[in-house]
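Colleague: As a plain string of letters, each chain reads:
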Amino acid sequence: MTKRHLNDWRPGASIDTLKARARLLERTRAFFRERGVLEVETPLLGASFGTDPAIEPLTSEFNGPGYPKGKQLNLQSSPEFFMKRLLAAGSGAIYQLGKAFRNGEAGRRHNPEFTILEWYRPGFDAAQLMDELAALIRDLVDDQTLAVERCSYRSLFVEHLAIDPLEADIESFRRCARSRKLLLADDMALDRDGWLDLLMSSFIEPSLGATGLTFVSDYPASQASLARLNPHDQRTAARFELYWKGVELANGFEELANAEEQSERFEHENCRRFTSGQRPMPVDDALLSALEHGMPDCAGVAVGLDRVLMCQLDLEDIDRVLAFSLARL
Amino acid sequence: MATYNTNEFRGGLKLMLDGDPCVIIENEFVKPGKGQAFNRVKLRNLKTGRVLEKTFKSGESVEAADVMDRDLAYLYTDGEFWYFMDNESFEQYQADANAMGDTTKWIKEQDTCMVTLWNGSPIAVEAPNFVVLEVTDTDPGLKGDTSGGGGKPATLETGAVVRVPLFVQIGDKLKVDTRSGEYVSRAKDE
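Chains as they are written, first to last, in our numbering: chain L, 119 to 447; chain W, 1102 to 1291.
Mixed in with the good hints there might be a few duds.
[What the hints assert, rightly or not] Simulated crosslink set (DMTMM-like; lysine to aspartate or glutamate; CA at most 20 Å straight-line): (1) L:363 with W:1212; (2) W:1143 with L:304; (3) W:1276 with W:1212; (4) W:1115 with L:309; (5) W:1158 with L:304.
If you are wondering where the hints come from, they were derived from the structure by calculation, not from laboratory data. Keep in mind the model is a prediction, meaning the values are calculated, not measured.
If we strip away everything but chain L, and leave its shape as in the complex, we get (with noise of 0.2 Å):
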């Protein structure tokens, strides 16, 4: 995260790569306008907000007409939630472009405000948005020969650290981490999937595509509560990430349409928080009343725009995509 200097009122990011953003945007309209999928807008304050322990919500209140005591609302973190509300009214294939929200997160690559662009695509598997996806990004970025490549998270972990992901135990993932010279706090107390995590951002997401752009698939269960288990393998579920240049770029799922399953990982994910000492989520009624109703078998994906646009242009620091980063407001 850059620190700023006082007094120092210019934008973080030149005005060439103003220029850039703004061409990012047009160009991402374009290619959805093209493909007939309709642009919605959702709101950025929320009542209720995910259940994810990794993820904080940054918090506003009302008050006003109606709510003489006020009301507690959230930021979004992604406009997930409304557009599954959508496409259960039927409103088909759609996608966002505005901004989301992360308490607590602030970094080379983290900005607590940041430009997400999200779609859903009713009637698409995981395998069809990848391909669309990487048809966005080899647009956006004007280069129609950038290489694709897709592996399995399993056989990531197996290729760089001969290590099954799935089915090996803590102290083995400990192991791991010493016999590649990892210096960690010694009392660090992290679950299962705080150690993939750990692993997988020390020694696997560096070199995830260097040469062009890489898919993750079929994350574990554990780290996916909003996504459908994968009927071959309910160890894993339809999840998929994109990385380029070492960068995650973007996140996506086949989404979970059973309200019931869905209503019993919130509430998973909630005793999670308790147990850790966070904060419990309310829980979205509204999201599991049009899973309730019924909402399409579909596929959606979560990407960073200012992520794209720094690969894009070889910048190392959010601030510089940004006009104005945390440090400069």
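Position chain W relative to chain L; hints supplied.
Modeller: Below, chain W alone, put in the same frame as chain L:
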């Protein structure tokens, strides 16, 4: 025991790690979109000078090192220790060769150095960024010779050797950047 939360991490912050004081050189926030956040931190061990990388779970706290930086005047050396004094309290400190490191080749008596004290003893001594030192030996070279461009070595009064332009002569006073060990300019006579 004072502690720092990972959210307080920044370059220059001093922590205790495995019993040794360390200073943060670089702090990187690492987090998958849907997963655990970490701080990947590059540190210098202030006792050994070694640089290491350590990963912390974001949100955890780490013991602070009871370390402070003081501007002290360099007095003299007896070959085993280098002696410094606080010009206000007149308190004296002795630094060993390990704490001095490279600094010995840049400083003269009365220079002010930044001395890092841990539990009251010097563990690191930094020379001023710029020092002025006299040339005690260098190849006289040919007058008017401006070819070559690469310069020549010159030995300074403290024993340090730096590359200088060909026109520099024995007895000249030079301004040197101690961080890079490079010649900056000839110093004007005071």
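Colleague: Now tell me, hint by hint, if it's right for this structure.
Modeller: Against the structure, the hints come out as follows:
{"no.": "1", "hint": "L:363 with W:1212", "verdict": "violated, 48 Å"}
{"no.": "2", "hint": "W:1143 with L:304", "verdict": "holds, 17 Å"}
{"no.": "3", "hint": "W:1276 with W:1212", "verdict": "holds, 14 Å"}
{"no.": "4", "hint": "W:1115 with L:309", "verdict": "violated, 29 Å"}
{"no.": "5", "hint": "W:1158 with L:304", "verdict": "holds, 11 Å"}
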